[in-house]
Amino acid sequence: MMNDSGSAKPPSPPRLRSANLPEIVDRPYTDPEPFLSGHPILPEDMDINDFSLAQLHEMNQKLLEESMGAEGPLISWPEDISALRDEYSNLPDFVAQINTLSNQGYRTIIRVKGDGDCFYRALAFIYLRQLICSASARSLDQLSATKTVLADAGFDEIAYDTPYDLVMGLVKSDSAGHELWNTFTDQSTSNYIVMYMRLLTSAHIHLNQDFFSGFYQNIASDSETSNPLAKFRRQFVEPLGKEADDIQVTALVQALKFHVKIAYLDGRSPNGQVNFHDFGLDAGDAPGNSEPPVLLYRPGHYDILQKDA
Amino acid sequence: MASISARRLRKELNEIHAEGCPCGIKLLNADNFETWFFSIEVLGESLYQGEVFKLMFRFDANYPISSPAVQFVVDQNIQAPIHPHVYSNGHICASILGTEWSPVLSVSAICVTLQSMLASSKAKERPVDNDRYVRTAPDNPKKTRFQYDDDTV
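Going down the list, the protein sequences come from chains A and B. First residue of the first sequence? That's 16 in our numbering, and the numbers climb one at a time after it. First residue of the second sequence? That's 24 in our numbering, and the numbers climb one at a time after it.
Hints were generated in silico from the structure; no laboratory data involved. Because the structure is a prediction, the values reported are computed rather than measured. The beta-carbon is built from N, C-alpha and C at its ideal position, and this holds for glycine as well. Check the hints yourself; a few may be wrong.
Pairwise CB distance ranges, derived in the manner of DEER restraints [unchecked claim]:
| id | chain 1 | residue 1 | chain 2 | residue 2 | range |
| --- | --- | --- | --- | --- | --- |
| 1 | B | 99 | A | 229 | 53 to 59 Å |
| 2 | B | 67 | A | 167 | 29 to 35 Å |
| 3 | A | 291 | B | 168 | 53 to 59 Å |
Next comes chain A alone, as it looks inside the complex:
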């Protein structure tokens, strides 16, 4: 604003901050944003029609988790694929697909708990196992490159350095077998690994908004916010327990510069054929000399599939 009151003071240079506002530490991502507020739902007022779609989804997922039982481990010890076949014994289309997988040499399944984090946990497990097994300086470089993604996305370091140190410590500890499994079955450690993967997914989506906004159109239709992608990341990527859709799957595989195949077990193929989809392999990339790891997808759930026991 111009000051015409005749004072001899030269106009002050333009400033980003108004002196009246509280000083805000320079953290692009955590700056206060407008948030939703509303009112508490009192028990006497509860009515299913009052819940928003997002709340119903959340309640549904909780119910699903409860029905899966709390007793299962976050990641199971490898099981023979016949155990899976037994579960589907009265669904011939599934059995045919499971037989196809078995005939292709996929004999083992590692089950991942269906708690909304299964994709992130499964991918983290096979990614870290591969990094540890390849045991090269390049593995460490690859992992530290992911930290740069988070920094570039403007995340506050405090949000990611604890889980990053944890994941890096794991890769350096060089324990791919039983110990890695132990790590992934420990709730707290395992969830921090998932948290790191989620933050990385969010950061990668943020840094590649043009690419991901295409994916996002169907999901965004109900949103009125000025930055629906940011809201989507905040609501459906960063918090634990929110299932991964194609957008998150694509983003995380890209961010890790990883290559994974996903086998679709959906009981929809009359001749027992199983479709495999490649994620994270660009047209220009030479496929590695070893076969990429495989995730088994059943609608709404991911497990790990492998050839060796």
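Starting from the known structure of chain A, arrange chain B on it as the hints suggest.
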């Protein structure tokens, strides 16, 4: 080995000690990794000029994966701000403390957001359902399910 939530809180505390709190926020007490207290006031012109409030943060072992329980302290010495989103028992209705919590947020970030919630307030009044809520409210605000629908802060 300290739990991961304690390690994260230790880092946040170190940062607060090294860099100080955002303006208008003061750390009153952080003797453990379960409960922290801050004083909070709005600097500059606002409806709350000259008023100082006290915030309580309660953390569980899953912080920052799960949000902290945050509320204004209400006792014989101090009251919660009179604000359309703040109940007289100190509970706050803000989606970032509930469904929109993200582990990317931190204690300082919450303080700054609540400060800006107060700074932009246009009316000093309690939420319309204050009395009904306060009568039956649980001790821990995280046990309340809020319906978020009002986008105006």
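Results of checking the hints against the structure:
1. The given range of 53 to 59 Å is respected by residue 99/B and residue 229/A, whose C-beta atoms sit roughly 58 Å from each other.
2. Between residue 67/B and residue 167/A the Cβ separation comes to about 33 Å, which falls inside the hinted range of 29 to 35 Å.
3. One distance hint, 53 to 59 Å for the beta-carbon pair residue 291/A and residue 168/B, is violated here, with the actual separation near 42 Å.
Hint 3 from the earlier list is the only one contradicted by this structure; the remaining hints agree with it.
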